[in-house]
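Each chain is listed here by its residues.
2 protein chains.
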Amino acid sequence: MEKKGVLIVVSGPSGVGKGSVLKELVSLKGVFISISATTRSPREFEKDGVDYYFISREEFEEHIAKNDMVEYNEYCGNYYGTIKSKLIKLLKENEVVILEIDVNGASRIAESFDCVRVFLFPPSFEELKKRLVERGTENEESIKKRLNQAFIEVKRAYEYDYLVVNENIKKAAEDILNVAKVESLKIKNQECRIEEFIENRF
Amino acid sequence: MEKKGVLIVVSGPSGVGKGSVLKELVSLKGVFISISATTRSPREFEKDGVDYYFISREEFEEHIAKNDMVEYNEYCGNYYGTIKSKLIKLLKENEVVILEIDVNGASRIAESFDCVRVFLFPPSFEELKKRLVERGTENEESIKKRLNQAFIEVKRAYEYDYLVVNENIKKAAEDILNVAKVESLKIKNQECRIEEFIENRF
Numbered sequence: 000m001e002k003k004g005v006l007i008v009v010s011g012p013s014g015v016g017k018g019s020v021l022k023e024l025v026s027l028k029g030v031f032i033s034i035s036a037t038t039r040s041p042r043e044f045e046k047d048g049v050d051y052y053f054i055s056r057e058e059f060e061e062h063i064a065k066n067d068m069v070e071y072n073e074y075c076g077n078y079y080g081t082i083k084s085k086l087i088k089l090l091k092e093n094e095v096v097i098l099e100i101d102v103n104g105a106s107r108i109a110e111s112f113d114c115v116r117v118f119l120f121p122p123s124f125e126e127l128k129k130r131l132v133e134r135g136t137e138n139e140e141s142i143k144k145r146l147n148q149a150f151i152e153v154k155r156a157y158e159y160d161y162l163v164v165n166e167n168i169k170k171a172a173e174d175i176l177n178v179a180k181v182e183s184l185k186i187k188n189q190e191c192r193i194e195e196f197i198e199n200r201f
Numbered sequence: 000m001e002k003k004g005v006l007i008v009v010s011g012p013s014g015v016g017k018g019s020v021l022k023e024l025v026s027l028k029g030v031f032i033s034i035s036a037t038t039r040s041p042r043e044f045e046k047d048g049v050d051y052y053f054i055s056r057e058e059f060e061e062h063i064a065k066n067d068m069v070e071y072n073e074y075c076g077n078y079y080g081t082i083k084s085k086l087i088k089l090l091k092e093n094e095v096v097i098l099e100i101d102v103n104g105a106s107r108i109a110e111s112f113d114c115v116r117v118f119l120f121p122p123s124f125e126e127l128k129k130r131l132v133e134r135g136t137e138n139e140e141s142i143k144k145r146l147n148q149a150f151i152e153v154k155r156a157y158e159y160d161y162l163v164v165n166e167n168i169k170k171a172a173e174d175i176l177n178v179a180k181v182e183s184l185k186i187k188n189q190e191c192r193i194e195e196f197i198e199n200r201f
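Those protein sequence lines, which keep their order, are chains A and B. The first sequence runs 0 to 201 under numbering that gives the first Met the number 0. The second sequence runs 0 to 201 under numbering that gives the first Met the number 0.
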């Protein structure tokens, strides 16, 4: 049987610390973070193939036409999405592939792709608010908006397979890695081993 | 919400190394092994409350009558089984409780108890045979019988949630512990946290 990595789809509200946890995860052996494609122009410090795959609108629409986008959407006049052929290649080359996406994107991926969904959760409401305030990048109105959005997203955590609390970045990354490790132990992913054993009898 | 440990039910064919893996597991923090009750007499080095709970036939039948046996059976004129009230107490006191049992017992437990079933698997057919031969406690006929029984049991591995290969004792114990850790991250075991967050809004 061809070896295949586990796809972990991670979502979580703004301020929960997705970036830090993903940074910790990518430092671990066998873990790779999936990169989105976009038609928007790169910002000053962004690199192609690191932050995004920066592609033209024509190229993006070609992927759509070839059914080669796992999910995509249009935001402020630009496309954002995950290229299916790139994701399949990543899963062949890595034990664990992490894909960070919002709740709507996660549910679209789960419709067509074998994956495990993890919802990254704040330790508490107060802590989430504190983290948003401490970022210092947003005014009160914008923080209020983000907290409201957080409630909408948290209500959809029930759609996910696992909930990981980001109390501590290292621990949260470890939990997500454990979810991936255990996924490969599931009977449905080990059927070949059972069949092999039974066939070996004769 | 009351904290409740995860019940891991472990089965596996004779010779797979259940004893060694369980011994490794019990040395880990927060892990406890469930002890069976029996009506047979203790052997020379067996201790009550360590190897088994040695109880009288009357006492055992009382547990049955009170619906206080999770599962039980009669073998060579003696009862063997798991006392429900003791198991519930263990789950309150420990993060992880391991219960080793055969395939029939495992399916009976799963009918009435929230648990995760792990099938301990040999690295290969040849390795299982080798382990049985190396034990030196059995003749050729008995080894053949045990291997036949192993095939019957392996075919029922599909009923389990996870398959852990005992290639290395430490690794197998670690895998089982990970299964338990990840179980507590499942959404169904974290619903309180989501509810708490949503209620905190106001």
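No wet-lab data here; the hints were simulated from the structure. Accuracy of the hints is not assured; some may be wrong.
Where chains are identical, the list cannot tell them apart; a pair therefore holds if satisfied intra-copy or between any two copies.
Said to hold, decoys possible - In the EDC-like style, the derived pairs of lysine to aspartate or glutamate whose C-alpha atoms are separated by at most 16 Å in a straight line are:
#1 Lys170 to Glu43
#2 Lys185 to Asp160
#3 Lys170 to Glu152
#4 Lys28 to Glu190
#5 Lys180 to Asp160
#6 Lys187 to Asp50
#7 Lys187 to Glu158
#8 Lys154 to Glu190
#9 Lys83 to Glu61
#10 Lys154 to Glu194
#11 Lys17 to Glu99
#12 Lys185 to Glu60
#13 Lys129 to Glu140
#14 Lys83 to Glu194
#15 Lys154 to Glu198
#16 Lys185 to Glu126
#17 Lys154 to Glu195
#18 Lys46 to Glu152
Quick rundown of the hints versus the structure:
1. Lys170 to Glu43: For Lys170 and Glu43, neither the intra-copy (33 Å) nor the inter-copy (46 Å) Cα distance is at most 16 Å.
2. Lys185 to Asp160: Answer is both; intra-copy 14 Å and inter-copy 6 Å each pass.
3. Lys170 to Glu152: neither (22 Å within a copy, 37 Å between copies)
4. Lys28 to Glu190: neither (26 Å within a copy, 31 Å between copies)
5. Lys180 to Asp160: This pair counts as both: shortest intra-copy Cα distance 14 Å, inter-copy 14 Å.
6. Lys187 to Asp50: neither (34 Å within a copy, 34 Å between copies)
7. Lys187 to Glu158: between (21 Å within a copy, 10 Å between copies)
8. Lys154 to Glu190: between (35 Å within a copy, 10 Å between copies)
9. Lys83 to Glu61: So Lys83 and Glu61 pass the 16 Å test inside one copy only (12 Å; across, 61 Å).
10. Lys154 to Glu194: Between. Shortest inter-copy distance 8 Å satisfies the 16 Å Cα cut-off; intra-copy 41 Å does not.
11. Lys17 to Glu99: Intra 8 Å, inter 39 Å, cutoff 16 Å: intra-copy only.
12. Lys185 to Glu60: Neither way: Lys185 and Glu60 sit 37 Å apart in one copy and 37 Å across, limit 16 Å.
13. Lys129 to Glu140: Only inside one copy: Lys129 and Glu140 sit 15 Å apart there, 70 Å across copies, limit 16 Å.
14. Lys83 to Glu194: Neither. Shortest intra-copy (30 Å) and inter-copy (35 Å) distances fail the 16 Å Cα cut-off.
15. Lys154 to Glu198: Only across copies: Lys154 and Glu198 sit 11 Å apart there, 47 Å inside one copy, limit 16 Å.
16. Lys185 to Glu126: Classified as neither; 35 Å inside a copy, 22 Å across copies.
17. Lys154 to Glu195: So Lys154 and Glu195 pass the 16 Å test across copies only (11 Å; inside, 43 Å).
18. Lys46 to Glu152: This pair counts as neither: shortest intra-copy Cα distance 30 Å, inter-copy 54 Å.
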